[in-house]
Every structure is written in C-alpha cells, then in structure tokens.
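A.B. asks: Below are the chains, spelled out letter by letter.
Protein chains: 4
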Amino acid sequence: MKVKHLEITKNMSISEFMNQLDESGVLGAGRIAHATNLLADSMKDEDTKIFLSLAGPMIPGGLRKVVRDLINQGHVDLIISSGANLTHDLVEAFGGRHYSDIHENDETLQDSGIGRIADIYTKADDFEVFEEEIHKIFAKINEKYDVISIQKFIYEIGLLIDDENSFIRTAAKKNVPIFAPGLIDCMIGLQLWIYSQDHDFTLSAAGDMHYLSDFVYNSKKVTACMLGGGLPKHYTLASNILTGGIDAGIQITLDRSEGGSLSGAPLEEAKSWAKAKKGSNLVTVVGDATVLFPLIVAGALDKIE
Amino acid sequence: MKVKHLEITKNMSISEFMNQLDESGVLGAGRIAHATNLLADSMKDEDTKIFLSLAGPMIPGGLRKVVRDLINQGHVDLIISSGANLTHDLVEAFGGRHYSDIHENDETLQDSGIGRIADIYTKADDFEVFEEEIHKIFAKINEKYDVISIQKFIYEIGLLIDDENSFIRTAAKKNVPIFAPGLIDCMIGLQLWIYSQDHDFTLSAAGDMHYLSDFVYNSKKVTACMLGGGLPKHYTLASNILTGGIDAGIQITLDRSEGGSLSGAPLEEAKSWAKAKKGSNLVTVVGDATVLFPLIVAGALDKIE
Amino acid sequence: MKVKHLEITKNMSISEFMNQLDESGVLGAGRIAHATNLLADSMKDEDTKIFLSLAGPMIPGGLRKVVRDLINQGHVDLIISSGANLTHDLVEAFGGRHYSDIHENDETLQDSGIGRIADIYTKADDFEVFEEEIHKIFAKINEKYDVISIQKFIYEIGLLIDDENSFIRTAAKKNVPIFAPGLIDCMIGLQLWIYSQDHDFTLSAAGDMHYLSDFVYNSKKVTACMLGGGLPKHYTLASNILTGGIDAGIQITLDRSEGGSLSGAPLEEAKSWAKAKKGSNLVTVVGDATVLFPLIVAGALDKIE
Amino acid sequence: MKVKHLEITKNMSISEFMNQLDESGVLGAGRIAHATNLLADSMKDEDTKIFLSLAGPMIPGGLRKVVRDLINQGHVDLIISSGANLTHDLVEAFGGRHYSDIHENDETLQDSGIGRIADIYTKADDFEVFEEEIHKIFAKINEKYDVISIQKFIYEIGLLIDDENSFIRTAAKKNVPIFAPGLIDCMIGLQLWIYSQDHDFTLSAAGDMHYLSDFVYNSKKVTACMLGGGLPKHYTLASNILTGGIDAGIQITLDRSEGGSLSGAPLEEAKSWAKAKKGSNLVTVVGDATVLFPLIVAGALDKIE
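First to last, the sequence lines map onto chains A, B, C and D. Counting from 1, position 187 in the first sequence corresponds to residue 187 in this note's numbering; the numbering is continuous, with no gaps. Counting from 1, position 3 in the second sequence corresponds to residue 308 in this note's numbering; the numbering is continuous, with no gaps. Counting from 1, position 71 in the third sequence corresponds to residue 681 in this note's numbering; the numbering is continuous, with no gaps. Counting from 1, position 155 in the fourth sequence corresponds to residue 1070 in this note's numbering; the numbering is continuous, with no gaps.
Among the hints, erroneous ones may be present.
In silico BS3-like links for lysine-lysine, alpha-carbon gap of 25 Å or less [unchecked claim]:
| # | chain 1 | residue 1 | chain 2 | residue 2 |
| --- | --- | --- | --- | --- |
| 1 | D | 959 | C | 620 |
| 2 | A | 2 | B | 428 |
| 3 | B | 608 | A | 10 |
No wet-lab data here; the hints were simulated from the structure.
Taking the hints into account, I'd like the entire structure generated from these sequences.
C.D. replies: This is the structure we're talking about:
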C-alpha cells in the first residue's frame, strides 16, 4: 500500500480526520486508525463484550463523562479499575472537584492540603466530605452484608450515590460490573479499614472470581480496551485466560517494554500466555490515553450506525 | 480552575473536540490545547515569524502535504529540516512513493531492496530514479555556482523540480528558506559527494549563517514549532540566540529529558541559554508528532478567521 | 561543584566505580551515586526501616537472591510485592525455573506452553507443579484459618516451603512482613479462587491495614526503595501517610511522568500528599531496575562497615 | 538456558558483577552483558575497527576522559561527534569547566549567564575564554587553508590545543579521525561564521566523504558503538553502506522506536538499508549512556588480556 499524505483543512470533522489517518496508515496515524476501527467494529458486533480497564488518572484527568457515556450507550460491558479512579469518581459525586493551574511546589501544596497528580490538583476539603459520605455508605452496605466481594461492594456504592455523572452509579444502573482487585490500595480502602476497626465487615479479595469467570465464559468474544497498564491491565488479560484469551485488544500507554513490566509489554506477549488468542487483533497506541482515548472514541462513534 | 470533563459525541468537529481539550486543561489535553492556541495566535499575529523544524520521519510519515499547505497558506516562514526529510520529499517528487503493510524481517527486506523506517517502507527502484534525477539537478545548479550555501542549494533544487506536492518546491516558490545544517548526512549528501568527485562544486557549511542571522534579526517575534528533536531542533533554538531567544515554542516529541540529550530537553532549559526569552510561551507535547501535529494544525486553522 | 570526569580502568572494583559516579555527580551517574549513598545510609541507620516494593519482573528477572540476601542481612524490613513476583518465587521454590534464549513468536510459544515476559520464559510443566504444590499449602493453612489477611497468608506460605533461595521463606523466617494488596491478580490468586470453590477460606482484603499501620507508626524513620511502580509503589507510599510520609525514597523505573500515572510520577509529587515528608531525601533513577538495583546494592554494601 | 539469579556481595569487582549479569542473561542484565562481550571481542580483534558516535551530553556529562583513554589505548578508530561535544571539550581545554548542584530556575540562570544541560551547568565566563581562544586557532588554521573539510579542521584544532585530557587533541595525536557533519550547529560553528565574515575561509560540508569512504573500504570489519542517536548515529551507520553495512553494533539510548525517529530505531532496522550486514551482531542497551557506557567499558577492559 502507498502512504497517502494527510490533507488537513479548516473545519474538519473528527470523521474526516480519522479517514486521513487511516489512509496514511503508518506510525501513530496507523495505530490510531487501527484502534478506532477495532473499537467501532467491537461496538457494532453484538457477540463482542468490551472490557475497559482504567489505570492512571483517567477519572481525575477528564474522562469521567467519557466512561459514563460509554456505559450508558451500551459500549462497555465490564470495567476493571484501579482503586484511585473509583475514589476520584466518588470525590466528585460528593461535590468535590479536580483543579488545574495551581503552580506551587510540592512542599507548599502539602501545607495547603492540595494533592497533586501531575498537573491535576485535589483539595483536602473535598476529601473530608468524601470521608464523611463514604462512611455513611459503608454503614448502609454493612446493614446488608458482613462479607462482600469487591465487585458487589462497588455495585452497592453505585446504587447509593446520587450523581448522574458518576460512572460508578451509571455502571450500577446499567448492570455493568466494575472490578477493582487492588481496591484496598486507595482512599476507599483506607476508610474501609478505619470503618472495619469497630464494625464487622470483611471485603473478600477472591470473592469476585466466580462472577468474573462466568462473565468471561458467557462472552462469545471479548475486546479488551486498556487505558494504562498496572493491575487493571493484568487482571483484564488474565481473566480471559479461562477461554483461551481475548479476541481483540487495544492498549494506550506511554510505558515501554524493555524493562519487562506488564504495563509496557506489547499485547503480542499476551498470546504466549493464552491471554490473547492466536490470530487476535491487537494494537498498541503509544501516547497519553487521556487525550488519545477520547479521540479514538469520537472516531469510533462516527463509524457506528 | 476546575477540570471540566470531556464530552465526546457522535459527529464532532475537530473544533468542538479541541474546545473540550481546552476546557479540561490537564495532562495531554491541556498540552495539546495550549499548543493549538499558541499556534493559532502565532498564525494570526503579523509580527510573528513561524520557524518549523523537521526531524524524524515527518515527510515519509505522511506530513508532506501538511507542510506544503502551511507554506502555501503563509503559516510557515522558515524551515529547518533534517537531510532525510528533504531526500524523501525528492524521492516522491521524482515519482517514488512510501509504502506500508510490508511484513518481512529486515534481512529479507535487504535482499528485496526495501528500506524500512519503523512501519514505513521505501523501494530501491525509487532511489535509483532519485539518483538519476538529482544528478541532473546538481549539474544544472553547478552551471551557476561553484560554491553554494546549503539553503541556497535547496532553494535551487526547489526551482528545478516539478511536483506541486513537494514542500521543497513550494518553499522555493513562496521564498520560504529551508535550512539543513546536516544535509550532507543523507542520500542527497551522498550523491553530492559522488557528483563532486569529478566536478568543481563545494557546499559551504557555514555559508547560511549570514542569511539566517539577518532573518532572525528582521523577525519581530519568533514562534518555533519543533517536530522531533535532533540537529533541526538545536539549530532552530540556537539561531535565535542572536536576539535573546524565541518568543514562543512548541515541541512535539517522544524523547525524554533525563539523559540530557537536547532532543528530549524541556523547552524551559532553552531559557538558561537565552535561546528562549524570559517569559516566553513554551509547551511540550509528548507523543507522536506525525499524528499530533496534524491534529494541532487542524485545530489552529479553525481558530483563525 | 565541578564535574569530575570519570576515569575507567582495568580491574576496577564496584566501589571504585561508584566513587567515580559520585564525583561526576551529574545525569545518571549522579542519580545512581545519590541512590547508593542513600541506601547505604539507610542500612547503617538503626532508626530507619527499609521498605522494598517489587513491581515488574524482579524475581523472574534475576533478583531473587538479591532480595533474599537483603532480607537475610537485615537490610530490608518490609516488602510490598506484586502477586506475580510471589508466584514466580514459588514456581522456583517448587522446582521450576525461568528460561532465556528461546526465540519463537508468541503464537508458537502458546502452542508450546511457554509464557513470555520480555525475553524471560516460563514453562507450563513448571506451572503444573506449582498448582499441585500450592493447593497442598492452601489446605494446610486452611486447617488453621478460615479467614486470613494477605500478609499472614504469605507468611504461612513462607513457613511451609523448603527452599533457602526463596525470598518468601526467608522473609517468614526473619519476620519480615510481605504485603501484596493485589495478590488476587496472579496465579496464586487464581488457584486460591479454585481452592475456595469447595473450601471455606476467605482472604481478607483489608485485613492487613492494622498490622501495616502499626508497623509504620513504630518506625522512627522510613526509607522506601521502590523497584518499578504500580500498586506496590502506591501502597508503599500511601501506607506512610499515617506518619506524614516517608523520610527518604529511591525509585528505579523506566516509566515517565507526563501521562500522570503514579508509576512514572516523580517522588516529589508524594510530598503534596504527605506521603513523603517535607525535606525528605528523594531520588529517581531512570533505567532498568533489574540491572541498576543490583549495582546500587553492591555499591551500598561496600559503604557499610 | 536457565536464568541464574544474581548474587551480589560486598567488595565485588566490576568483572564479577559483569559475570553475574552475563549468567542472568535477561532484560537489562542480558543487554549489558551482550554489549560488554561484543565490545571486548571488537577490541581484541585486530581486523575490527571501532567507530564511536557521540550524541547527547557525553563530554559535559563526564565521559571526556573515558573517550580520551579509549583513543589512547587504541580501542577507538574513528569518531563521529555532535558539534556540541567538540565545543564542550574545547571549553575545558581552554580552562573552563562544567558544574553541578546549581539549583536555580532557568530565567535566573539566564540572568547569571549560566547555561543548563539537564543538571549540568556552564558559565558565560568560560565561553568568553572559549571564543577568544578559538578565534586564535581559526587564524592559525586559516594561514594554511582557505577551504578545509570538517574532519581536517577538527584535526588541525587538535594539534593546536594543549590539554592532555582533550579527546580532540588525543585523537589528533593518535591519528584517529573525528567527523562532525553537523559541526556548523554549535558554538564552534557560530564562531566560525563570525570569523569568516571578514576572512576567506570555507568549511566544505562534503569534503570528508572521500576520506571517510576510504576508511570504511579499508576496514575489514566495523563495530559501531553509538552513544545517543541523532546525526552522529545516522552518519555512522550510513557511512558503512558502502561496504554492505556494519558487522556489529552497540547503541545505548533512552529514545524509543514508535515515532519512527532514527535515534530510537532498533539496530535491526539498519539491516534493511544495508547499513548493517545480514547476520551482524547488534545490541541495544536502554538507559543513560553516561553511566552505562563507562560500566560496559570497564567490563570490556577486564576481558582483554
């Protein structure tokens, strides 16, 4: 195939831009076009379940409504999230926000009660509200359960919050399960521990595996869409080992492969472990997921019905 | 400022997408919005000259028409290019092409006369035509010059080729100078050496400095737009030392800073050398320039009347 | 300070090499010298507890004995590990190995039952032995516990295995606690779920927080040594929030910061969250931990009496 | 092969450490061991010429004596350098130095006349001496030449400076040619242009190709050792196209491949262009060359009698 040079004009649509990338077909243009086509095809295929993994600051970094909308539109069937992304969704659900354009050094930020994630900022006041509200929620869930699995726990939280922008609430309403194998390692986990000091309440670490394995077995095909790496990426891939691996996969990451960490590993490697099927359709997009995933989603939405 | 979450919908325009990134304002979204606004402002400001540097496979990677159009529209005033990007422009000007989707290992490619740049491919046949044609051009230029500076040499080449898609030709027509301090290190350079074996023809390495320094002195303000790093980035910044540095700068790169190489250096560092003015408006976009630069250009074009 | 140029000679010792890096003091040399000095000082200081986090393929990648020796020598006081590093320690404890120099594509590897981690390989046969043995261990632990915290669970495993090269066993003998908040996401977790299908056995996700917080409160000073990022890095830093943050920190990683993921975040950022104290001594070494950590350890051992 | 775990002890020698890396054989350990063995073998083989390319801040970053010693010991046969590394060698030859531990922001540095390269600093006073001295040298060379090639120009500079630590001087004494195709893009180039304003003195850009091609033709085998990427890497590889490519290659870099820039390209890609022979022995070490190259050199010196 010949590389067709991009033609960029005024007043382009995302759709026109994506077509240009597709016709170029090389380097980042090729990777993004590939991911967009694969996502669109997966959205259109009724037999395909889309698993979305969230590592890195996806929710504080501006993707809260993108994830919520994908759930609402039926384009995501299962989510595997870091604890942090759940915490930050709840911070906003309880009235808090994320902030930009605060230019202070980290020691001054500590004094001001401002936590930093790259150029995103959080405020201690918002976390205080979070703590107060999450304990009320724990108490309500504890009325029903002494031992609960992580997925069910998140589901129950989703039912108890009242913010239509929350992806946790939206997932609960839409029966899209959210798994978070490392939930304990975030502010929800810390507060849960404090709560459980004087309440009989146990979060079962392995309790979700039955539901997850059933979900995987009942999916004719799986496309995994992995934003960032870490535990969520690994859990997403590993859960599909039960059926011989995912059928298709998209990862968007800035991590690299040479140190051997899974976060930067090429998706091809998953084939060796039968976490991706032989012949599966796999693409790695190198870059910042908080801007490339929305671009890919916009492009994919334009390609369905 | 509060981070506003992105809202991605079907049938979005690039302009709407860019507004979303701008309102988010953090991580990659913030960086791309910043770069887009800065490029648009620079395009609109009659007092600002835009310097564009091209390192990495920008021309083989699909940006040939993007660069050509920016020149044609008066949005680029001066170009500093690697030799390779000039060579690849001429390969296409002489009828050759760049290719994708060739899946062979590098030893097989060698046997087939196919050169690889990541997932972009070139063919030996196209380079044979290139060699033949470039020697004819050398001979014509040699009729007029025994010693010639690199910029003037590229300008003369531009006048002698006949491909409206060529950015070298377009720059020549539009009197946009192209500098290439490392020109000798590409196929043009190799052929030039072969030509000069039996012709009296010298390319003066330092011969462009006078013109370049005059250009810098005569620019009220300079915005440098640097795609990739390398010699073109350094030369772009260093040429502005004469007037206390650039007024604004955008760089798009995947290189990182910790090893100290200029390619990955933050633009802030240029301030210490007076290659960027104190208070200059500088932004680094981390990612693949072959897809992010077109996106930024599309966004900027939408912002000018 | 003037940069002193390195002088490299035949028959150098690690100690001499490290002195050269220290006297240079810039770029990677400066970072490695800083990390080495900080690790040695932390080893020598009786008031300092050293927390070691293990993400990425540290155990399969050759550091199994390095970690074991640090525990045995009293140089590590607490470990936070990914589940995978624990699994790979057990695979070897049960007689399996990790392999190199297998040059097959990933689809062929799948057919051969060979899993790949970059250029490290595992064999299905070894995992079969692992499965058999780990179930025997589960059963023995289940005789004593119906509900168990993750740390206690790993400790009990350590008591039941018989391989002096195992860091899990060595940690158990030396009473060095190992935490693994994401334990469920590895082969141990998968087998545990299979085991718990027909046994009453619950792993408590939040059950370790009490012990961990006591450990942190009882540490006069903490130096965190973080290999790779991920959940282990986050948990290490977050556990120290209780006392205002770590006193010193070393991280070795190839991840970068611009996407906002914690794995690539500069340690300075931890100050804003009070996960690192104001004035804490923090250094990031950019590179492959599987080779730079052993170098730093070798240098640090030379600096203690 | 089984991965042998590293055993790190007190009082290790570099040689013992390297043996450990070699026996591990995976990830960074494997890459560094491979590079060390290849460099040692190349040093020992009388038929092999070693080409060394220098991009990034190798000389200001502490490798000045390492490069000088390799030349003196006959372990480097040809050098291809960025202009900057030559400039910084001369700055020190004229009495200047490079500095560390200056913690000011870049605007303050500009006011203080301090230029920054990551965490390396230079002083304006040292550059003033440089300017004065380099003009004296230009004048002396101009007495002998009106037109001069870049390599011969650097050689003549080497003969005229008086600092045994200078690699330029050492290379001149030892008849090791230094090429610098982008010489014009550094302070030597800037001063040369100023000098040539009122003197008849032309630097011939293509003038070195004859000598370089003869050198390549007369080398039975070539091992290219490439520190950083950029023009020096490309020129090193491209010059060997004349004989079908290098026989062996080592590159040490933090750049990555996905954007397609040559700096981050895998060496395998060079095979497609016949810049590396089929079957050539190629290894990429990912990391900071200013610390990994000295380590590799130390290891290689131990392996030659």
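A.B. asks: Determine for every hint whether it applies to the structure shown.
C.D. replies: Hints, one by one, checked against the model:
1. D:959 x C:620: Holds: residue 959 of chain D and residue 620 of chain C sit about 14 Å apart, inside 25 Å.
2. A:2 x B:428: Holds, at about 11 Å.
3. B:608 x A:10: holds (9 Å)
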